[in-house]
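Going line by line, the protein sequences match chains W and H.
The first sequence begins at -5 in our numbering and counts up one residue at a time.
The second sequence begins at 5 in our numbering and counts up one residue at a time.
Because the hints were derived from the structure by calculation, they are not lab data.
Since this is a predicted model, take the numbers as computed values, not measurements.
Careful, some of the hints might be misleading.
[To be verified] Here are a few chain W residues that face chain H, going by a calculated C-beta distance under 8 angstroms:
no. : residue
1   : A99
2   : M103
3   : F105
4   : T109
5   : W113
6   : G123
7   : A151
8   : K152
9   : Y154
10  : H156
11  : G160
12  : K232
Ideal placement from N, C-alpha and C gives every residue a C-beta, glycine not left out.
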Amino acid sequence: MTDKAEHTLPDYRDLPPDVAERMAQIKKRDYVLKIDHVTKEFVQKRSRVKALDDIEFGVHRRELVCVVGPSGCGKSTLIRILAGLEDPTSGHILMDGKSVHGPGADRGMVFQKYTLFPWLDVCQNVMFGIEMAGVSRLEAQRQALQWLQMIGLEQFAKAYPHQLSGGMQQRVAIARALAASPRVLLMDESFSALDAQTRTKMQNYLMEIWRKIDITIVFITHDLDEAIYLADRILVLKPNPGRVEEVIEVPLSRPRRAEQMTSDEFLATKAHLEELIRSFGVPDENAEDEDVKIDLPLLTLVTDKVE
Amino acid sequence: MHSFRASWRLYGRTDRVSRQIFGVLAVLLPLLIWSSVSYLPFVWHPQIMITDPGGEEYLEAGMRMNKSDFARAVKEMQDQHQAVPKGVASNPVYLPSPGQVLKAFVNAFTSTASVGAEHSILQAFWHSIRIIFWGFLISSVIGVPLGVFCGAIPALSRLLEPFVDFFRYLPAPAFGALAVAILGIYDAPKIAIIVIGTLFQQVLVIANTTRQLDFSLVEASRTLGAKGFRLLFRVVIPGILPDLYKDQRILLGWAWTYLIVAELIGTSSGITWFITQQARYQHFDNVFAAIALIGVVGLGTDIVLGLLGRKLFTWKRENG
């Protein structure tokens, strides 16, 4: 970011009127998911490592929250605790005000890895969560087909996961999670294994679904663009131990469009996030290799220049 | 031709044709070596089979002796101006020719005459297959569920596996006398030996396979509301089934190796007993035919099971 550009950028905290109004509306809603003083310690060879330290945060109904932070800030641990796959050392996770323990169908999750059941076809994969809720096979199939229609993969109902591309597999994984009718959809870097083009498509696609169904989304990512593009609010975690550094209200109006990624508000928010993460002193997962100085003598003819 | 040469390189690529060529050669080459040793008198043939004993009193037709001994006998007779013994070069009695073995093999299927106390090859073999079947079935009925539970439930694994590991190292033959004392002298102790030999391996191998299930699938199913027996039957078992099937194929081979011990305790029976007896009578063509039968049936079942597995678990193969 050059000096000249910084002068012209607005403050990321100035919300445009429509966004401010929307934020106020969201805040009036109840908390669906509440993280109540959650601390997580891991025991490693007799020493205790604090991954998360007293995290306090609430997600409103139908809000889209992104969690960002440098590697080692415990964002993956946090989402695993939210999903119930890991127990907090102290503190609680409250769903609609009630404390929950262990995983459950009320919190669906889409993983970074492709986790479709490889022995089931696409339709049977989507049926899985519905059947687990005790719905009959026939009814589950009917609902699953509806979901597949919604994600535009009905012609792949009988295909097996290995026959689909990565993006399609994640689409089915989202449908599978949503079909179990969760209150909250947790996404753990779900798009990071996809190529850039597919990722953008999937982001739009996720927001499209989110608009249409009553679902609250908590999305973990290390991609700042992704976080700003998707989120109503961004929860920034600070590493060692993981603490809430700041909660940013994204000053972008909805519906989001790709053009907004070059808007001043977007750039201002991104500049601030980058600044924050740099201030933690831990290299970002993506930027890890950028500062490496290469100490290599010239091994070609001096006349043979490439740039 | 290019691909044929490439198949010899480290991790080289092969095409269908060269793979088939190698497959055929794998059968033909050993047969060819065996045939040449058997039918070409100059290849090995360290002995002489007597056709006419001549004047030597201790010789008789059909006897085999070393070439040097035969030469001495011939010289002896020449010195005494008596009829010289005659013979043809031959291999030792323990190496019958492919033709002889083939004849014995065909005989096993065509003749109904009993070959001795242990009846025909087929009867003996059928008895063995029954022992294997029951032994492996009983072992699997106990071992597969136990293995899956050990693999999926950490407490059970810690509780049972040390015990199983201990028993695994006790040689199954050591239980022979005990099995006979408890179960009598007929088929029951034989089946018990197969079970003892297979079961403990089975529990450990299958527990290990169960532990290797991709854990993220278990986590994914948990976030979809699966738990307990539903998780076990809808995720764990389908997920490990292809590997479980492969384990069972390998363990079936284990069961066959314990057959040897099993059939020699109590009242001896089955193909092992048949082979032992035929070797005592020096009917090595029958011995080889019986060995070939075991090999062919073993290889045959394995190929059939392999093809069946590929058909059943397409998803596993495609997933690599």
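Results for each hint:
1. A99: Nearest chain H Cβ about 3 angstroms off; hint holds.
2. M103: Since chain H brings a Cβ to about 4 angstroms from M103/W, closer than 8 angstroms, the hint holds.
3. F105: Nearest chain H Cβ about 6 angstroms off; hint holds.
4. T109: Holds, about 4 angstroms.
5. W113: This hint holds: W113/W lies near chain H, its Cβ roughly 5 angstroms from the closest one there, short of 8 angstroms.
6. G123: At 4 angstroms from the nearest chain H Cβ, G123/W passes the 8 angstroms test, so the hint holds.
7. A151: 16 angstroms, violated
8. K152: 13 angstroms, violated
9. Y154: With a closest approach of 6 angstroms, the Y154/W hint holds.
10. H156: 5 angstroms, holds
11. G160: Check failed: Cβ of G160/W comes no nearer than 14 angstroms to chain H, outside 8 angstroms.
12. K232: At about 27 angstroms, which exceeds the 8 angstroms cut-off, the nearest Cβ of chain H leaves the hint on K232/W violated.
Of the numbered hints listed earlier, those contradicted by the structure are 7, 8, 11, 12.
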